[in-house]
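2 protein chains.
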Amino acid sequence: MSGLKIIGEKINGTRAHVARAIERREAGVILDLAVRQAEAGAAWLDVNAGTRSSSEPDDLVWLIKTIQPVVDIPLCLDSANPQAVAAGIQVVERPPMVNSISGEPQRLQGLLPLVAEHKCTVIALAMDGTRIPETCDGRLEVARRLMAQTRAGGVPDENVYLDPLAMTLATQTDGAQITLDTIRGMRREFPDAHLTMGLSNISFGLPARSYINRAFLTLALAAGLDSAILDPLDREMMAALVAAELVLGRDRHCLNYTRAYRAGLFSRPEVRAAQS
Amino acid sequence: MSGLKIIGEKINGTRAHVARAIERREAGVILDLAVRQAEAGAAWLDVNAGTRSSSEPDDLVWLIKTIQPVVDIPLCLDSANPQAVAAGIQVVERPPMVNSISGEPQRLQGLLPLVAEHKCTVIALAMDGTRIPETCDGRLEVARRLMAQTRAGGVPDENVYLDPLAMTLATQTDGAQITLDTIRGMRREFPDAHLTMGLSNISFGLPARSYINRAFLTLALAAGLDSAILDPLDREMMAALVAAELVLGRDRHCLNYTRAYRAGLFSRPEVRAAQS
Chain L
1 MSGLKIIGEK
11 INGTRAHVAR
21 AIERREAGVI
31 LDLAVRQAEA
41 GAAWLDVNAG
51 TRSSSEPDDL
61 VWLIKTIQPV
71 VDIPLCLDSA
81 NPQAVAAGIQ
91 VVERPPMVNS
101 ISGEPQRLQG
111 LLPLVAEHKC
121 TVIALAMDGT
131 RIPETCDGRL
141 EVARRLMAQT
151 RAGGVPDENV
161 YLDPLAMTLA
171 TQTDGAQITL
181 DTIRGMRREF
191 PDAHLTMGLS
201 NISFGLPARS
211 YINRAFLTLA
221 LAAGLDSAIL
231 DPLDREMMAA
241 LVAAELVLGR
251 DRHCLNYTRA
261 YRAGLFSRPE
271 VRAAQS
Chain V
1 MSGLKIIGEK
11 INGTRAHVAR
21 AIERREAGVI
31 LDLAVRQAEA
41 GAAWLDVNAG
51 TRSSSEPDDL
61 VWLIKTIQPV
71 VDIPLCLDSA
81 NPQAVAAGIQ
91 VVERPPMVNS
101 ISGEPQRLQG
111 LLPLVAEHKC
121 TVIALAMDGT
131 RIPETCDGRL
141 EVARRLMAQT
151 RAGGVPDENV
161 YLDPLAMTLA
171 TQTDGAQITL
181 DTIRGMRREF
191 PDAHLTMGLS
201 NISFGLPARS
211 YINRAFLTLA
221 LAAGLDSAIL
231 DPLDREMMAA
241 LVAAELVLGR
251 DRHCLNYTRA
261 YRAGLFSRPE
271 VRAAQS
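Chains L and V are the protein sequences, given in the same order.
Residue numbers for the first sequence follow this note's numbering, so the first one is 1 and each next one is one higher.
Residue numbers for the second sequence follow this note's numbering, so the first one is 1 and each next one is one higher.
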């Protein structure tokens, strides 16, 4: 188990085969993703019912009821729709994470009371409305306003997962540096809050994305990221994570690293096949 | 070509088949390593004639004369023996790098005048004699004494490649952090000097070393390392390097990254075989 708290991203209705499984109520597809992500070390499972907005509350409730009997980790309710989140909260067995609030007033006003009342943790995006501030200062300014709101709403800082946001390097050479600076700034200003992020945006539109995502994860860990939204079934990503935590001095006596090695994390699939 | 200046490490007489090739004067083995490392992006080729001390000067001269007609990059004369380095300097065509001086007086007094006279670049290890200081402060203290000596000896700072030294994580959990702190301190105190390091010591005694080496390289680049002694034929290492430089904002318009992609750097060998 890594020190980084992983939010497993695979149960997402914007992916075609997950959308199909949700629409057809095919539990097997969903359970497979749930169990495998939990086994791979996810601390939460993100559940996103997709884009059919009229049925989103029902779809999200079905996902939750399908998943929670088979895994013992909490869920992360991934929706901008307060009705869907409210419906989901009624059926979860463990306090969930809510993904996400932002500076956008309607979303904030709809979701923040639910978060506070049900003692959820919540991802808070460093953006107002649909606009992501280009600079580190701009994102920190949004984060300050958001933290003022969560505090006023009765959500303790340790239940807030600030998201510094990543923009693709394809259009902005210093995009990752801005995000890393934002992580360091958030860590400094809000030491009790957590920091999480969807890593893969950084490589959108570029080839061989996994290499970029792994370098970005390594640097974000060093900057202070303590949670990430990622695919825990991506073995090279998980191997890079375990190695980075070792190098960062967070793995006493290399215990986690050597345990992962014995479990075969660093073996190529073809090597594992030859050994089995 | 990466921004990091790579010292290709493979022509090293402490490796058994290289030692055999040197002893038998088998040029083919050496030339193959020289050409492939140069093609893979090495800025220098390290040449280490191995441990047969009586014949080391002759062996080093043979290596140099063998290699330099076929590659147009300079050599890095890797020897603690001033006689061998002096013999090597007589036959090199391009000003070489000398690997290495340290605080050890005899080595310093033997090698520094050669470095100054022949306008070599030189690797300066942050250690006195055989002792590597455990702390960042201790290594910086040695670096200060060494820089005072190179300056007094007439070697300009930009010809010095300070080596912060890496100790294995197998015996010291914060070993990499100490090295990274040392890099940052050297960068701050000696802005005109370069910083280089043999990366792979960090993972000595641990399994799946390449994962650790890559995470360490990524973090060392961010800390300010601008050169490294590594195996440029290790494709996963080179891919991690190109990705890390992209994430660090050092690859405008992703040009180097996309060029490396088109050249096949990110493809697995089996994929490349299937495509060819």
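Just so you know, the hints here were simulated from the structure itself, not pulled from any lab data.
Note that the structure is predicted; figures quoted are calculated from it, not measured.
The beta-carbon is built from N, C-alpha and C at its ideal position, and this holds for glycine as well.
Don't take every hint at face value.
To be verified - Here chain L is said to cover these stretches of chain V; the calculated rule only asks that three of the stretch's residues, wherever they fall, bring their Cβ under 8 Å from a Cβ of chain L:
(1) 91-103
(2) 240-247
(3) 257-265
Task: Outcome, coverage of the stretch 240-247 of chain V by chain L - at least 3 residues whose beta-carbon is closer than 8 Å to one in that chain - done: holds (count 6)
Task: Within 8 Å of chain L (C-beta), three or more residues of the stretch 91-103 of chain V - done: violated (count 0)
TODO: Please count how many residues of the stretch 257-265 of chain V have a CB within 8 Å of a CB from chain L and say whether that reaches 3.
DONE: holds (count 3)
The structure does not agree with numbered hint 1 stated previously, though it agrees with all others.
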